[in-house]
Amino acid sequence: MSSSPEAPVEASAGPRPQPSSLSDLFFSFTFLALQGFGGVLAIVQRELVEKKRWLTREEFVEDWAVAQIMPGPNVVNLSLMLGDRYFGLRGAIAALAGMLALPLLVVLCLALVYAQYSENLHVAGALRGMAAVAAGLITATGLKLVGALKKNPLGLTLCIVFAIATFVGIALLRWPLAYVLLGLGGLSCVMTYRKMGKKGT
Amino acid sequence: MTISMSAADWLSLFAHFLSLSLLGVGGAISTAPDMHRFLVDQQGWLTDPQFSASIAIAQAAPGPNVLFIALLGWNVGLNAGGGLPTALLGMTITMVGIMIPSTTLTYMAGRWGHENRELRAVRAFKQGLTPIVIALLVATGWILATGSTYQVRNWPIWLIAIVSTIIVWRTKLHLLWLLGAGAAIGWMGWV
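Those protein sequence lines, which keep their order, are chains E and G.
The opening position of the first sequence corresponds to residue 9 in my numbering, with each subsequent residue numbered one higher.
The opening position of the second sequence corresponds to residue 985 in my numbering, with each subsequent residue numbered one higher.
Please note that the accuracy of each hint is not assured.
[As the list claims (entries may be wrong)] Within a straight-line C-alpha distance of at most 25 Å, the following computed SDA-like cross-link-like pairs (lysine to any residue) qualify:
| hint | chain 1 | residue 1 | chain 2 | residue 2 |
| --- | --- | --- | --- | --- |
| 1 | E | Lys203 | G | Gly1097 |
| 2 | E | Lys203 | E | Glu67 |
| 3 | E | Lys158 | G | Thr1155 |
| 4 | G | Lys1156 | E | Leu42 |
| 5 | E | Lys206 | G | Arg1101 |
| 6 | G | Lys1156 | G | Trp1126 |
| 7 | E | Lys60 | G | Glu1099 |
Source of the hints: derived by calculation from the structure; they are not laboratory data.
Full structure from sequences and hints, please.
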């Protein structure tokens, strides 16, 4: 483990925006987490890829794949990996703390308030309305990332076949996630590996 | 409800969440059924409504949904009857238990993967999973919007989900406006 985590191997043109300090990292992730109702992923994609440009769309999907396949909460995993990349272990801890500290306080306050209003029909309705919007946010995040498939070595057609099969398995047939990841995911990785070999990369 | 928690009980609470941590592939929520079995059915440390409310509140609140685990611990602590100190103790025990194994593993795997990102196997792994994880996102939205059963009377929820999908996909409107609109529509009793 001799190479430094922030080694500038990326051969992209021009300097890439980066978090300027540990506190920048902490507050950026706090800010993300506090905007993320019903899951933080949609806001992470918009802020880190579209606004701050710390990651390209392609990098985001790749990191998300790792964060998703590792055990534990996905967005927490993602914050940990990104924090580590910029500032090593300290960065990972700062990003993780940012993701959890203030939201934890908010959740506790809500739990105390909820104890008073759990019977209120308006409150229950508002929660349902927000949940419906949150479902849309997650779907839209997925749709926005479809563009990242164009550069995939698997080729667009095969990508779409795998994506549709995954959607049908999870959303319609309700297969367990582990089967889909191991089965379809495994097959997809093997085929990608072979295609990469043919191109001589 | 009041329960009494011995030191051994706290320890077994910690051990249980520690052991579930690495099983939570796809998010900690996938281990919720087992937490329910342990906390509600087996030990009787939480009531059913407390368990469901913990999940609902964490999903309605901003931040990662894994915070429902903090609320589970918080409620166990409250039930233990020691007020704020035991509530904080319960919360710390469940959160630290669920986080330590998975974050350690992810940290090391993420670091190894980034250092070896030029390896063909690593690139094939990440890129091969790309179509899968994109479809998983769409599928997650689908499941959240339709619930476990497809009931036609839920059509307002589907409509809101579809409209917000299109708006987020095609515009740069701030997400909080959408969530606020969803909350307002729900408050009026239209969903």
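Under the criterion that the straight-line Cα-Cα distance not exceed 25 Å, is the pair lysine 1156 of chain G, tryptophan 1126 of chain G satisfied?
-> 22 Å, holds
Are the Cα positions of lysine 206 of chain E and arginine 1101 of chain G separated by 25 Å at most?
-> With Cα atoms ~19 Å apart, lysine 206 of chain E and arginine 1101 of chain G stay inside 25 Å; holds.
Quick one, are lysine 60 of chain E and glutamate 1099 of chain G close enough, alpha carbons at most 25 Å?
-> 24 Å, holds
Going straight from one Cα to the other, do lysine 1156 of chain G and leucine 42 of chain E come out at no more than 25 Å?
-> 19 Å, holds
Is the Cα-Cα distance between lysine 158 of chain E and threonine 1155 of chain G 25 Å or less?
-> Roughly 21 Å between the alpha carbons, so the hint for lysine 158 of chain E and threonine 1155 of chain G holds.
Does the alpha-carbon distance linking lysine 203 of chain E and glycine 1097 of chain G stay inside the 25 Å limit?
-> 20 Å, holds
Pair hint lysine 203 of chain E and glutamate 67 of chain E, alpha-carbon separation not exceeding 25 Å = 20 Å, holds
Comparing the model with each numbered hint stated earlier shows that all of them hold.
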